[in-house]
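A.B. asks: Generate coordinates for the entire structure from the input sequences, incorporating the hints supplied.
So the protein lines, in turn, are chains R and L.
Residue 58 in this note's numbering sits at position 58 of the first sequence; the count goes up by one each step and never skips.
Residue 409 in this note's numbering sits at position 5 of the second sequence; the count goes up by one each step and never skips.
Treat the hints as calculated values from the structure; they're not laboratory data.
Errors might be hidden in some of the hints.
Cβ-to-Cβ under 10 angstroms is the rule here; a few derived chain L residues that face chain R [as the list claims (entries may be wrong)]:
| hint | residue |
| --- | --- |
| 1 | 516 |
| 2 | 544 |
| 3 | 560 |
| 4 | 697 |
| 5 | 699 |
Backbone N, C-alpha and C fix where the C-beta goes; we use that ideal spot for every residue, glycine too.
Residues per chain are reported as follows:
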Amino acid sequence: MSAMTSLSALPRSRVNGPDMARTATVGMRTRRMRTALSALGIMIGIAAMVAVLGLSESSKSELLAQLDSLGTNLLTVEASAGIGAGSGELPDSAAAMISRIAPVEVTTTVSTVAGANVYRSDFIPSGETNGITVQAVDLSLVDTLAGGLHEGRWLDSATASYPTTVLGSVTAERLGIHSVTGEQQVYVGDTWFTVIGILDEFQLNPDLDRAALVGLDAAATYLDDDNVPTSILVRVDPDQVESVLEVLARTTNPQNPEEVDVARPTDALEARESADDALTSLFLGLGAVALLVGGVGIANMMVISVLERRAEIGLRRALGATKRHVAVQFLGEALLLSALGGIGGVALGLLATNIYASLRGWDTIVPAIAIYGGLGSALVIGAIAGLYPAIRAARLSPTEALRS
Amino acid sequence: MQSSTTAGSQGTHQPIRTNPQCSRRRFIPWGRTTSDLDVDSSIAAFRSPSEEESNTMTESAARAVSAMKTYGEGDTAVHALNHVDAHFTRGAFTCIMGPSGSGKSTLMHCMAGLDGLTSGQAFIGDTDVSELDEIGRTLLRRDRMGFIFQAFNLIPTLSARENILFPQRLASAKPDEEWFETVVQKVGLAHRLDHRPSELSGGQQQRVAVARALASRPEMVFADEPTGNLDSTTGNEILSFMRSAVDDFGQTTVMVTHDPYAAAYADRVVFLADGKVVDEMMDPTGDAVLDRMKQFRN
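C.D. replies: Here it is, written out as structure tokens:
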């Protein structure tokens, strides 16, 4: 048995790194177009997944930053309106009652001035209200809402008792007032009010964007408003938001707590975000389908490649390449293809995220899992796609493959 | 037949005779580990001509013993090889001839470990090829065989140099530069080494294939219709290279062909018909082989 021993003592064929890389890239180097096309499938899938994850993460971080600056501790109390829902007014004492709840830090009252409309001049037909309301507000409103002044000044204790108004952002646009000169006047009720400021958009209370804001005293004096609060904005201790939420309605209107709507405006933003999450999942699913199709493309190409290279495979086997050599060669080729697609896809996804995020003025944030997961799933798909063709190639008998 | 003492110590193998050329051919494959070398040196001693050897070329480099190769089963079974007994002399150029379908390629494939026998045995040296598994046959081909095919069969993406060194690269063996130069000089390829097969003529491609077969100094070179795709001038060139490899390096060579004038380059011709060895001829000439072949027609 010495010959047998000598044979088994022969060094096993090894597939060394550079050699494997060389043989595995042969197909790619010689069939560039086909390689590019089949890598493209994987690339699109990965790019879609990376971009979707990146965009949702970027927008989420934008939202968190927004929530951070706006504060999630703002609650609004409104009189519910509608048939059988009550008077549409809150009790006079509501603001005072609410401010007695211990964790409440600030309250600010908003009172809708009923029947008052705002016009650019007294020649405008009374029907063309532009949907603008007049709201009598506390001076603390802007601070409470974390709002900003776009131009001019906010109301102060003096201007709050005179016919002056600060316009919401939408109001200013609809009235065609783009700058504050100090002489601009609008016709409210039957009084001319001087525009002293224009506000930025309110993230937390878009209703006020469509209003002309006047002081409570001015509303009483010039517009015959009775200053009954229609909504009260409340800032509370951030740690006690939930407990305040529970008691707020009963505190506001002890007789009919059901006539009070209590809301947390940041919830609306979060709801919008979770709607985006659903879309994100949908797009992720689409990306996964693209990835799968890409994998099928690679498998298809590899099968054809094996058929085309039968003679070469047979030759390699005849000259002493083991089945493993051949399998590794084709598996390596599939893996390389998909890695190529994966890297391209990640790059493309990053680029797309970056472009979209910078257009929206967001920070580009792509979670690491999107990148590693993208590359990883590309490789997994490649391995699965390459397995069958590789096994097929390895099973070719050298004599049969040489004959063809 | 004399029994070598070393052989006796190795086991129950056939007595071995060698001719002096063997000593030149006997090589230690590159890249082997020390333990491998121990085994090799024992085999080398086994075949060493230092024993009381004669110059006769009777030692078998390869043998087929009652080799059967059957395709299909039952009534439709075809016996490609039907109890073939044949031997191939060490250091000699043997030609297998026969009409189409006589089983000559099958015999070669089974001897070279490209294919398995249905029954019987095929020996390369002392190795029973029919007992080897798939990996064993692969390593046998890689480390102990050289191949030349009809359709040149070079790897299209590798240069001539890389093609020549390919089997050694598979074995992760370090090529012997000096021997490489010798082989390349012999086949006259020195200035074409960096060309791809597609940039070479058919004759040049086949010369690359010859160089590849010789480069690892294999125990045996198997050539399957090496001149089948060449015109007679380039065909003769290739045959001359093979002949001089036998004469100069003592390269044991087995060639399958159906060209009588190609067979004339061999030391000995084995005739196959219907899967059986029917005749053999020493020191053939083209015309003599042709005459013998004509008998198969009748």
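A.B. asks: Each hint needs a verdict: does it hold in this structure or not?
C.D. replies: Checked hints:
{"no.": "1", "hint": "516", "verdict": "holds, 8 angstroms"}
{"no.": "2", "hint": "544", "verdict": "holds, 7 angstroms"}
{"no.": "3", "hint": "560", "verdict": "holds, 7 angstroms"}
{"no.": "4", "hint": "697", "verdict": "violated, 24 angstroms"}
{"no.": "5", "hint": "699", "verdict": "violated, 28 angstroms"}
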